[in-house]
Amino acid sequence: SHPPSRPSSRTARSPPMSILEYNGGCVLAMAGKNCVAIAGDTRLGIQNTTIACDANRIFKMEDRLFLGLTGLMSDITTLENTFKFKLNLYRMKEGRSVKPETFSALVSSTLYEKRFGPYFAEPVIAGLDKDNKPFLCSMDLLGCVAETTTFAVSGTCADSLFGTCETFYRPDLEPDQLFETISQSLLAALDRDCLSGWGAVVHVITPEGVTTKYLKARMD
Amino acid sequence: HPALPTSSLPPHPTMGESDYSFSLTTFSPSGKLVQIEYALNAVAAGATSLGIKAKNGIVLATEKRISSTLIDESTLHKISLITSNIGMVYSGMGPDSRVLVRKARKAAQAYYRIYKELMPVSQLVREVASVMQEFTQSGGVRPFGVSLLVCGLDDEGPHLYQVDPSGSYFAWKASAIGKNMVNAKTFLEKRYTEGMELEDAIHTAILTLKEGFEGQVTERNIEVGLVGEDRVFRALTPAEIKDYLGEVE
Chain L
1391 SHPPSRPSSR TARSPPMSIL EYNGGCVLAM AGKNCVAIAG DTRLGIQNTT IACDANRIFK
1451 MEDRLFLGLT GLMSDITTLE NTFKFKLNLY RMKEGRSVKP ETFSALVSST LYEKRFGPYF
1511 AEPVIAGLDK DNKPFLCSMD LLGCVAETTT FAVSGTCADS LFGTCETFYR PDLEPDQLFE
1571 TISQSLLAAL DRDCLSGWGA VVHVITPEGV TTKYLKARMD
Chain S
1079 HPALPTSSLP PHPTMGESDY SFSLTTFSPS GKLVQIEYAL NAVAAGATSL GIKAKNGIVL
1139 ATEKRISSTL IDESTLHKIS LITSNIGMVY SGMGPDSRVL VRKARKAAQA YYRIYKELMP
1199 VSQLVREVAS VMQEFTQSGG VRPFGVSLLV CGLDDEGPHL YQVDPSGSYF AWKASAIGKN
1259 MVNAKTFLEK RYTEGMELED AIHTAILTLK EGFEGQVTER NIEVGLVGED RVFRALTPAE
1319 IKDYLGEVE
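Chains as they are written, first to last, in the working numbering: chain L, 1391 to 1610; chain S, 1079 to 1327.
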C-alpha cells in the first residue's frame, strides 16, 4: 500500500532554530605584537526579532584578561556571574590574579562539569600573560579548548569570521593596526549575518592599558 | 537466626561524619581545648622529624623509630610524596598521618583538574590545615595525633610549613617536631644560615638528627626527602643516605 498523502497546500517548514542561535551574536579575538584585541556585536534578539542593541557579551576578568561569550544570553549572563564569583574567591585565596591559561582551564572544567546538560555558550578568551605575550583561545559549549596564536572566533557568523580573519590577519600587528584589522574582519562577517549586528564593540589590550571603542556600523 | 539483609540497616557514617551531633573537643574553663593539648602530647612522644629550607630547595628528615630488629624497616615510609613538587613528613601517629596524606594528594589532584596548574604549596597547606581543624570541631571525632612538615617548591620559591593538630600552620626557615624538637631547634638556630645551599642543608639535617639520636644513625633508621630547583620531590635511597652519612663523619 502507499504511504498516507500529505495535504499539498502544506508549505515546507524550516528546521527549528538551534538554541545557540536563539539570541544571535558573535565574538572575535585577535593577537598582535604584545597586544590582543577582542570584539563583538551588541545585538540581542529573540529569534528574528531584535530586542536590544546594547547587549554586552565581552567581560573584563582581570586588567589584561577578557572573556567573550556567544550563544544563549541567559547562559552568558550566568557564566559571567559564575566566573566573577570563582575569580573573586581565587584572588582572595591565592593572593594573586589568575593567569590566562589557568582561567581557560577553569572555564573548560566549568563547562565540562555540565557535560550532559551544558551551558549553551561558546567562550573566547583573550589576554596578555605576565611577559605581555598574547594568549588566545576559544571553546565549544562542552569546554573543548582550541588555543591559537592568531585569532579565535565564536557565534552565529563564526564560519564567516573564520573567512574574514584568515583573509585580513597578519602577525605582529601594532595596536592601531590590530584595531583596524579586527574591526574590518568583524564587520565584514557581521554584515552578512542577520542574527548578528546592531552595534559593535572592540577592546584593545596592551601592556599600557585597555581602549574600548564602539564601531559606527550598519544598524540592521 | 536468619541474618538481617544489609540493605535494611542504616548507612554507616563515613570518616569525619558521625552519629554524634556534638563535638568531643570542648573548652575547659581556662579557654583551652584539652583534646588538642593531648594531641600535641602524642606528637611530642613521636619520633623526631625536621625540615630545613635552603635557597634552592628544602630537605626533610626523620627518625625511623623501629621497635624491634625483626621489623622490615624498608617498608616503612614516613616521608610521602603529595605531588611531584610537594612532600610531607610527620611526627606522631602513623595511621593518622596516612589519612592526611591521602586527603592532601586528593586535594592537589582536584586543584589540578580545575586549573591545570600545580597547586601552590601554601594553598595545599591551607587545605590540610582546614581538614585538621574540622576534626577539632565536628561531631564524634578526635583531633589528628600528628604534626606535619610540608615542603615544596613552586613559582613563589621554596616553602616549609608546619601544621599542628589544631589546624594552625606556620611557615619556617627550619624547624623540628616530635620528641627531640627543643634541642633540635636550638641546634638548627645555631646552624641555619640565610641563603644556605641545599647540599649544606642536607648535611645540617643529618647532623641535627644525630644530635638527639639514641644509638647509631644508619641509612636504615633515618629517612631523608628533598626537593630542589628541578621541582621534583623524592626520598633518598638508603645508598644515598649512606653516602651523606659518610660525608658528615
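Treat the hints with care, as some may be off.
Claimed, not checked - Derived PhoX-like pairs (lysine-lysine); straight-line CA-CA distance at most 20 Å:
(1) S:Lys1184 / L:Lys1520
(2) S:Lys1184 / L:Lys1483
(3) L:Lys1476 / L:Lys1489
(4) L:Lys1483 / S:Lys1194
Bear in mind the hints are in silico, worked out from the structure with no lab data behind them.
Verification of the hints:
1. About 29 Å separates the Cα atoms of S:Lys1184 and L:Lys1520, which puts this hinted pair outside 20 Å; it is violated.
2. With a C-alpha separation of about 18 Å, the suggested pair S:Lys1184 and L:Lys1483 falls inside the 20 Å cut-off, and the hint holds.
3. Between L:Lys1476 and L:Lys1489, the direct Cα distance comes to roughly 14 Å. Compliance with the 20 Å bound is thereby established for this hinted pair.
4. As the CA atoms of L:Lys1483 and S:Lys1194 are separated by approximately 17 Å, the hinted pair is consistent with the 20 Å bound.
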